[in-house]
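Letter by letter, the sequence shown follows residues 1 to 166 in my numbering.
Careful, some of the hints might be misleading.
Distance windows between CB atoms, simulated [unchecked claim]:
1. E142 to T66: 16 to 22 Å
2. N56 to P100: 31 to 37 Å
3. T49 to E80: 19 to 25 Å
4. P107 to G64: 16 to 22 Å
5. T79 to G102: 34 to 40 Å
6. N82 to P107: 30 to 36 Å
7. C106 to A163: 20 to 26 Å
8. T79 to N159: 17 to 23 Å
9. T49 to I104: 21 to 27 Å
10. T103 to D75: 27 to 33 Å
11. T66 to N105: 15 to 21 Å
Honestly, the hints are just simulated from the structure, not real lab data. A virtual CB, placed ideally from N, CA and C, is assigned to each residue, including glycine.
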Amino acid sequence: MALEWSAGTQGSTPRGSKWGSRALLASAVVLAGVVGLFFGSLRNPPKATLVLGTPNAVTVARFGPTAGFPPPPPDHVVTETNSSTVARLVIDANSLPLFPSGTINCPFDDGSYYQVRFSYADGDSRSLHVERRGCQGVGFAERPDYSVAWSATDPRLLNGLDALFR
Numbered sequence: 001m002a003l004e005w006s007a008g009t010q011g012s013t014p015r016g017s018k019w020g021s022r023a024l025l026a027s028a029v030v031l032a033g034v035v036g037l038f039f040g041s042l043r044n045p046p047k048a049t050l051v052l053g054t055p056n057a058v059t060v061a062r063f064g065p066t067a068g069f070p071p072p073p074p075d076h077v078v079t080e081t082n083s084s085t086v087a088r089l090v091i092d093a094n095s096l097p098l099f100p101s102g103t104i105n106c107p108f109d110d111g112s113y114y115q116v117r118f119s120y121a122d123g124d125s126r127s128l129h130v131e132r133r134g135c136q137g138v139g140f141a142e143r144p145d146y147s148v149a150w151s152a153t154d155p156r157l158l159n160g161l162d163a164l165f166r
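Start from the sequences and build out the full structure, keeping to the hints where you can.
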């Protein structure tokens, strides 16, 4: 499109300048959308509170890939009483985002998982089921088929559990 110049009282302006104004407006709208998306993503997503109080120990059983029924026994069990390690695992578990709703694809799911039991001084305990592969869902051991939280987007809990076995 060729622009034709016309002289007016305000000086010389191109006749096609209404397209420039529209392009500027469209650019401003797109920029506002990008800024809104950025600041919206900074909000803290809802978290799942999985472990209450202050446990004094954690026992982690590692189960390898499962094949058949009944499932095989754990291939290794570790108990940790170091208060800073236990506290770190509690923070990592409680900082996980909620498990996404709807249908999701879980490739590389071999059925391996951790059974994580947090023990308290009064003898009470809370057990979690943490999927090591695939969807990497985290739920309560009483309902291992129902995930409450999701460790796929925040690997700190899985990394901490893996470190106990090194």
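Taking the hints in turn, this is what the structure says about them:
| no. | hint | verdict |
| --- | --- | --- |
| 1 | E142 to T66: 16 to 22 Å | 18 Å, holds |
| 2 | N56 to P100: 31 to 37 Å | 33 Å, holds |
| 3 | T49 to E80: 19 to 25 Å | 21 Å, holds |
| 4 | P107 to G64: 16 to 22 Å | 18 Å, holds |
| 5 | T79 to G102: 34 to 40 Å | 37 Å, holds |
| 6 | N82 to P107: 30 to 36 Å | 35 Å, holds |
| 7 | C106 to A163: 20 to 26 Å | 24 Å, holds |
| 8 | T79 to N159: 17 to 23 Å | 19 Å, holds |
| 9 | T49 to I104: 21 to 27 Å | 22 Å, holds |
| 10 | T103 to D75: 27 to 33 Å | 31 Å, holds |
| 11 | T66 to N105: 15 to 21 Å | 20 Å, holds |
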